[in-house]
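Residue numbers (my numbering), protein chains in the order written: chain G, 549 to 895; chain E, 198 to 495.
Worth flagging that the hints you see were computed from the coordinates, not collected in a lab.
Far from chain G, some chain E residues (derived; all Cβ distances over 12 Å):
{"#": "1", "residue": "I202"}
{"#": "2", "residue": "I203"}
{"#": "3", "residue": "L204"}
{"#": "4", "residue": "M256"}
{"#": "5", "residue": "F257"}
{"#": "6", "residue": "L258"}
{"#": "7", "residue": "W261"}
{"#": "8", "residue": "I273"}
{"#": "9", "residue": "L353"}
{"#": "10", "residue": "F357"}
{"#": "11", "residue": "Y364"}
{"#": "12", "residue": "R369"}
{"#": "13", "residue": "S372"}
{"#": "14", "residue": "E376"}
Pulled a few chain E residues facing chain G out of the computed Cβ check, cut under 10 Å:
{"#": "15", "residue": "R232"}
{"#": "16", "residue": "L233"}
{"#": "17", "residue": "S302"}
Computed from a predicted model, the values in this text were never measured in an experiment.
Each residue gets a CB set at the ideal place from its N, CA and C atoms; glycine is no exception.
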Amino acid sequence: MSLSRNSILTIISILLLFTFVWYANNNLTPYAVRIWENTAIFLMLAASYNLINGVTGQFSLEPNGFVAIGAYVAAILTLTPDQKDAMFIIEPMVPWLKNIHMSFLPSLIIAGLVTAFVGFLLGFPVFRVRGDYLAIVTLGFGLTIRVISNNTITITNGALGLKGIASYTNIWWCFGWAILSMIIIMRIVYSAFGRAMKAIRDDEDAAIAMGINTFWIKMAAFVIAAFFEGVGGGLLAHLITTISPTMFTFFLTFQLLIIIVVGGLGSMTGTVMATILVIWGSEILRFVEQPMNIAGLHIPGIPGMRMVIFSILLIVIMIFAREGIMGQREFSWNWLFSIFKKSKSEA
Amino acid sequence: MNSTIILQQLVNGISLGSLYGLVAIGYTMVYGVIRLINFAHGDVMMVGMYFAFVGVAMMFLPWWAAFLLSMFATAIVGVLIDRIAYKPLRNASRISALITAIGVSFFLENLFLVVFGGVPKAFPVPSLFGGAINVNGVIFPNIAIITPIVAIVFLLMLLFVLYRTKYGMAMRALSLDMETVRIMGINVDLIISMVFAIGSLLAALGGVFWAMRYPAINPLIGIMPGLKAFAAAVLGGIGSVTGAAVGGFIIGISEILVVAFFPSLAGYKDAFAFLFLIFVLLFKPTGIMGEDLERGRF
Numbered sequence: 549m550s551l552s553r554n555s556i557l558t559i560i561s562i563l564l565l566f567t568f569v570w571y572a573n574n575n576l577t578p579y580a581v582r583i584w585e586n587t588a589i590f591l592m593l594a595a596s597y598n599l600i601n602g603v604t605g606q607f608s609l610e611p612n613g614f615v616a617i618g619a620y621v622a623a624i625l626t627l628t629p630d631q632k633d634a635m636f637i638i639e640p641m642v643p644w645l646k647n648i649h650m651s652f653l654p655s656l657i658i659a660g661l662v663t664a665f666v667g668f669l670l671g672f673p674v675f676r677v678r679g680d681y682l683a684i685v686t687l688g689f690g691l692t693i694r695v696i697s698n699n700t701i702t703i704t705n706g707a708l709g710l711k712g713i714a715s716y717t718n719i720w721w722c723f724g725w726a727i728l729s730m731i732i733i734m735r736i737v738y739s740a741f742g743r744a745m746k747a748i749r750d751d752e753d754a755a756i757a758m759g760i761n762t763f764w765i766k767m768a769a770f771v772i773a774a775f776f777e778g779v780g781g782g783l784l785a786h787l788i789t790t791i792s793p794t795m796f797t798f799f800l801t802f803q804l805l806i807i808i809v810v811g812g813l814g815s816m817t818g819t820v821m822a823t824i825l826v827i828w829g830s831e832i833l834r835f836v837e838q839p840m841n842i843a844g845l846h847i848p849g850i851p852g853m854r855m856v857i858f859s860i861l862l863i864v865i866m867i868f869a870r871e872g873i874m875g876q877r878e879f880s881w882n883w884l885f886s887i888f889k890k891s892k893s894e895a
Numbered sequence: 198m199n200s201t202i203i204l205q206q207l208v209n210g211i212s213l214g215s216l217y218g219l220v221a222i223g224y225t226m227v228y229g230v231i232r233l234i235n236f237a238h239g240d241v242m243m244v245g246m247y248f249a250f251v252g253v254a255m256m257f258l259p260w261w262a263a264f265l266l267s268m269f270a271t272a273i274v275g276v277l278i279d280r281i282a283y284k285p286l287r288n289a290s291r292i293s294a295l296i297t298a299i300g301v302s303f304f305l306e307n308l309f310l311v312v313f314g315g316v317p318k319a320f321p322v323p324s325l326f327g328g329a330i331n332v333n334g335v336i337f338p339n340i341a342i343i344t345p346i347v348a349i350v351f352l353l354m355l356l357f358v359l360y361r362t363k364y365g366m367a368m369r370a371l372s373l374d375m376e377t378v379r380i381m382g383i384n385v386d387l388i389i390s391m392v393f394a395i396g397s398l399l400a401a402l403g404g405v406f407w408a409m410r411y412p413a414i415n416p417l418i419g420i421m422p423g424l425k426a427f428a429a430a431v432l433g434g435i436g437s438v439t440g441a442a443v444g445g446f447i448i449g450i451s452e453i454l455v456v457a458f459f460p461s462l463a464g465y466k467d468a469f470a471f472l473f474l475i476f477v478l479l480f481k482p483t484g485i486m487g488e489d490l491e492r493g494r495f
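Make a model of the complete structure from these sequences and hints.
Next up, the structure:
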């Protein structure tokens, strides 16, 4: 009985969320809508990153590579042959890619699938090492993807990047994918599969002793995360409408890392809260870069100050609030109702 | 491809490799003692460059004084980083410390961006390091001769400290078992500070020579050499000082040779160190001279 109550509540809250999206789309300023779109995309990226780092406990630093692959694949698929002809001025694009032209949704899905396949191939060398070495190898992967996108001029247009990508991404696409990815990831986390992932995080050797095939569980987490990060990359490409290799530096990974750490490694609820906090917080922090007048005193704006404050915040959080907002806890309807029951019995 | 060109590339490779080696020693010592990948180390190298730049171009010190000042000040920065950011996390999980190190790295980069701006600054190269000697068609730039000599001198000094002094013995003991060393009455925090001081000092030295080799510095300049030095430290077997130096030479020389023999791959040179590292890790998971780490330290 309680399951159906919870399912109904979940469906109602998703409907409420879509009402909010509808309201936001019609009433908010384009700037605010853009930030909400960013929030949804980053939620999807962070949640899938958390599946590897937080839930499975494999400290990897690869999302910038995956997002880059997804962005390039999706952008190349939706650009028309004429656009590609006009853009590739150093060297023409390889013909087998030039004549492909697709609509938005299939290109997003293909972007996800291609990224997932790359994640699958990468998994073989990556999961032969553990711990710190895993971080190094995945960091190297992100770097390698950027170097490749800079140099394969006949496919990616090199350092010039791709321009004029149709701006298909709107707030509906962003929230739709974000909710879909959250539902799938939550389903995984609460399945037997998810428990195996947590077992690997808590004690890998014990997990092996329990008969868990740790390699394939890690690989599954990696491939699923890669799929959503690829789709997220495609959404980003069609939101910003221009991509170049410099967009996918380690800084992107760093932002996602802040989100999952602030929220609590392994907690999807925490990821949702932290995404909103970090994306909106970094917009609000823009005021420190504006010139200010406080009590007649003129303070000139300091460009770049935002990032200094941001990195200090990360260090302070790590030292004083290591668990993040949620630790490894999750929100659930039962938990919500238990609070009400408790306060009733106390009254 | 004649022998002159190969010799020329070897000269370049050895001088580049000794720079990677100098920076890699800092990674390897910190990792050896507190098991932390000090992601900020490449940025500490950048800090050293800027201190030397301030000394020479803004305080008009003679170059040797500016370089010494830079090494000393960078050592203090290294110790401060450890005291402020890493020490409170000594008993925390490895991931917390690693994330903090990434935070420190971004803090240094952005702080220097705010202070010095993103526009590259011209690093004044002292005349002693500017010239070149021509031996049978092979050009030996002064800097390419001096760098490996300085690197090897400092490496020998470090090995002397590590293996012939009380403090060095404490450092080596610390890398084996921190708790026992603490019980033995050794000031663990002091020794860790010394490790950070030595590592940062060598990073500043590497940074100054890097700045003279590529005399335009910006606040993000430490990232790439830092990552490659890190790859060198892992390649050599993280935790081993000699391994770091050897790894540095291997990465530096092979990077130069790859570009020399396959010019079409020049654009890929930044990724090469990592691909090479991944390849080596597949066969030798703890690096060339690495200890046999137990599995899964997190």
